[in-house]
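J.: Residue numbers (this note's numbering), protein chains in the order written: chain A, 28 to 140; chain B, 8 to 120.
Rather than coming from a laboratory, the hints here were simulated on the basis of the structure. Certain hints may be false.
Below 20 Å or equal to it, Euclidean Cα-Cα: the simulated PhoX-like pairs (lysine-lysine) are [said to hold, decoys possible]:
| id | chain 1 | residue 1 | chain 2 | residue 2 |
| --- | --- | --- | --- | --- |
| 1 | B | K107 | A | K98 |
| 2 | B | K107 | A | K80 |
| 3 | A | K80 | A | K98 |
Listed below, chain by chain, are the residues.
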Amino acid sequence: DVKVTQSSRYLVKRTGEKVFLECVQDMDHENMFWYRQDPGLGLRLIYFSYDVKMKEKGDIPEGYSVSREKKERFSLILESASTNQTSMYLCASSRTYTDGELFFGEGSRLTVL
Amino acid sequence: GENVEQHPSTLSVQEGDSAVIKCTYSDSASNYFPWYKQELGKRPQLIIDIRSNVGEKKDQRIAVTLNKTAKHFSLHITETQPEDSAVYFCAASTLTGGFKTIFGAGTRLFVKA
Numbered sequence: 028d029v030k031v032t033q034s035s036r037y038l039v040k041r042t043g044e045k046v047f048l049e050c051v052q053d054m055d056h057e058n059m060f061w062y063r064q065d066p067g068l069g070l071r072l073i074y075f076s077y078d079v080k081m082k083e084k085g086d087i088p089e090g091y092s093v094s095r096e097k098k099e100r101f102s103l104i105l106e107s108a109s110t111n112q113t114s115m116y117l118c119a120s121s122r123t124y125t126d127g128e129l130f131f132g133e134g135s136r137l138t139v140l
Numbered sequence: 008g009e010n011v012e013q014h015p016s017t018l019s020v021q022e023g024d025s026a027v028i029k030c031t032y033s034d035s036a037s038n039y040f041p042w043y044k045q046e047l048g049k050r051p052q053l054i055i056d057i058r059s060n061v062g063e064k065k066d067q068r069i070a071v072t073l074n075k076t077a078k079h080f081s082l083h084i085t086e087t088q089p090e091d092s093a094v095y096f097c098a099a100s101t102l103t104g105g106f107k108t109i110f111g112a113g114t115r116l117f118v119k120a
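Chain A extracted, bound-state conformation:
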């Protein structure tokens, strides 16, 4: 079974703080993704990575950055958290370029006060 693990299920941060969300997958998947889930908006892609040290912007990258130093780990960084970044963040991975199934983590619910 593929396991995608997100480091924190719940976080509460203050406006302006730097926030790190960590994601680790244990199945040697090539691709990793960060989505944001908000009610009525579905899942929106923030950033994705198809290889170590590679990253591509998704649909809503503003205010976020990512890091992929190792194949199994993909980090989402909020340089200066704002209240409109309060949301559920979902990490996902997929096996290869042509294998579309996404395996999701449990999610990290971030509240920015």
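Position chain B relative to chain A; hints supplied.
T.: Coordinates of chain B only, in the frame set by chain A:
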């Protein structure tokens, strides 16, 4: 940009009835159409998918149909059961041209016993 529209946003059916969720997509290059089920407090999980060279696919009580000309695809659940209650997301992806999976806004399905 690319987008996926999903209807209805909420669906309530009696146990044993059928449920149908419909999606339309805008990117004619899309060639992979997965459906994810997210139970309350859990991660989204793939329940069925279809590729653009196939018009219909069935897996027990779940079926998906695809009309490439009209850019429509639908999820059909027959003989619904209370455990089918969840949020369902349709999505569209272009496996050969990148990794972006665009999700619909989701349909909350209630199955009343």
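J.: Look at each hint and say if it fits the structure.
T.: Evaluation of the provided hints:
{"no.": "1", "hint": "K107(B) to K98(A)", "in the structure": "holds, 19 Å"}
{"no.": "2", "hint": "K107(B) to K80(A)", "in the structure": "holds, 18 Å"}
{"no.": "3", "hint": "K80(A) to K98(A)", "in the structure": "holds, 9 Å"}
The structure shown violates none of the earlier numbered hints.
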